[in-house]
Amino acid sequence: GAGVSQSPSNKVTEKGKDVELRCDPISGHTALYWYRQSLGQGLEFLIYFQGNSAPDKSGLPSDRFSAERTGGSVSTLTIQRTQQEDSAVYLCASSLARGSNYGYTFGSGTRLTVV
Amino acid sequence: GQQVMQIPQYQHVQEGEDFTTYCNSSTTLSNIQWYKQRPGGHPVFLIQLVKSGEVKKQKRLTFQFGEAKKNSSLHITATQTTDVGTYFCAEFNFNKFYFGSGTKLNVKP
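Going line by line, the protein sequences match chains A and B.
First residue of the first sequence? That's 1 in my numbering, and the numbers climb one at a time after it.
First residue of the second sequence? That's 1 in my numbering, and the numbers climb one at a time after it.
Chain B extracted, bound-state conformation (with noise of 0.2 Å):
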């Protein structure tokens, strides 16, 4: 079942802050996805982590995999009001994704 703990659970940052969220699993992950859902809305697949100490970019966000492959992290650098939502990661097991409790994200314009 769902191994993943996700922190924080919420956050409020003033628009042009960073923002980080973290998930932390027991056991070694064999790969680790990371999703968006904005309020009112549905997950959307953000990106796929596979390689020990990974790291990927989109624009102002920054994801990574831990050396361990026992944590992730999703950083936004200098958030802005369209980066509000719940940001959730996902592990594989059993053949499907067990989605972490997620960190709700509010930007403050």
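For reference, chain A alone in the conformation it holds in the complex (with noise of 0.2 Å):
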């Protein structure tokens, strides 16, 4: 597509529900990254996939977070048993390749609430 698509826009969820938030990343992009940004913070890593590659889960806070890309394509970020310090905004960004010479194109961005 023209642009990162994320989904839902907004999520309210429950404390200890399940939630599972999708990425579709710029046709072509081979590299996809997850972040979250809370309120007024900067934005904090979670976890890269680069094509077939292994993914780098080392941002990942807690086992509860776990992220997959299906097809070298759309990207899943799942979080179970939700906890209110989970509420943020979720970004996902894709990039041409890996490497440092590319720029990120971010994604509207899931803003989820643990109520």
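The hints are simulated quantities; they were obtained by calculation from the structure and are not laboratory data.
A hint or two may mislead.
Claimed, not checked - The calculated label-pair distances, taken between Cβ atoms and stated as ranges, are:
#1 B:Lys56 with A:Arg98: 19 to 29 Å
#2 A:Asp18 with B:Gln14: 44 to 54 Å
#3 B:Asn24 with A:Gly99: 17 to 27 Å
Beta carbons: idealized from backbone N, C-alpha and C, even for Gly.
Hints are included, so try docking the two chains, each in its own frame, into the full complex.
If you want it as structure tokens, here you go:
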């Protein structure tokens, strides 16, 4: 597509429920990243996918968080047993390839509120 | 992990005044990128700096990479209300970019 698409744009969930956030990167972009941004804060790296390589999960805050990327395109970030501290905007970004020479294109994010 | 520090955290200026935000790292950076996030929006890529001492301009925005590649700055000349937002620098490490904490710019008309 023309840009990075994320859904849903807003999600309100009860504490303890599982949620799935979806990211559809720009067609042809092989690298995909998930970041989290709490209110008024910076961007916290979560996970990174590059082609068919094993993902870099080093930023996931706990084992309640997982992500997959099917067919090298769409990615889903799953948060199990949500907690209130999980409330944040979850941003997905894609870039043309791995490496430092490519800027990221971000989606509009999913605003997650855990009540 | 993240090593780049960004200052100031907030900056309030009168429209027409200049603005500068700085990023500093304790290590030598391979490159640095700058992003702008409008209120309620998502970060948008502005520019990338790679070479020591590099200076790039985009209209009223001037980006600079330090000679030692340990710091960078973004300078806006004669700010406008459309410049409002948070400006992030990002350093490349372990195959991904780590973002600074950002400088939030408010421009009073």
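Verification of the supplied hints:
The hint said 19 to 29 Å for the Cβ distance between Lys56 of chain B and Arg98 of chain A, and at roughly 23 Å that hint holds. Restraint check, Asp18 of chain A to Gln14 of chain B: a C-beta distance of roughly 49 Å satisfies the suggested window 44 to 54 Å. About 24 Å separates the C-beta atoms of Asn24 of chain B and Gly99 of chain A, a value consistent with the hinted range of 17 to 27 Å.
Checked against the numbered hints above, the structure violates none of them.
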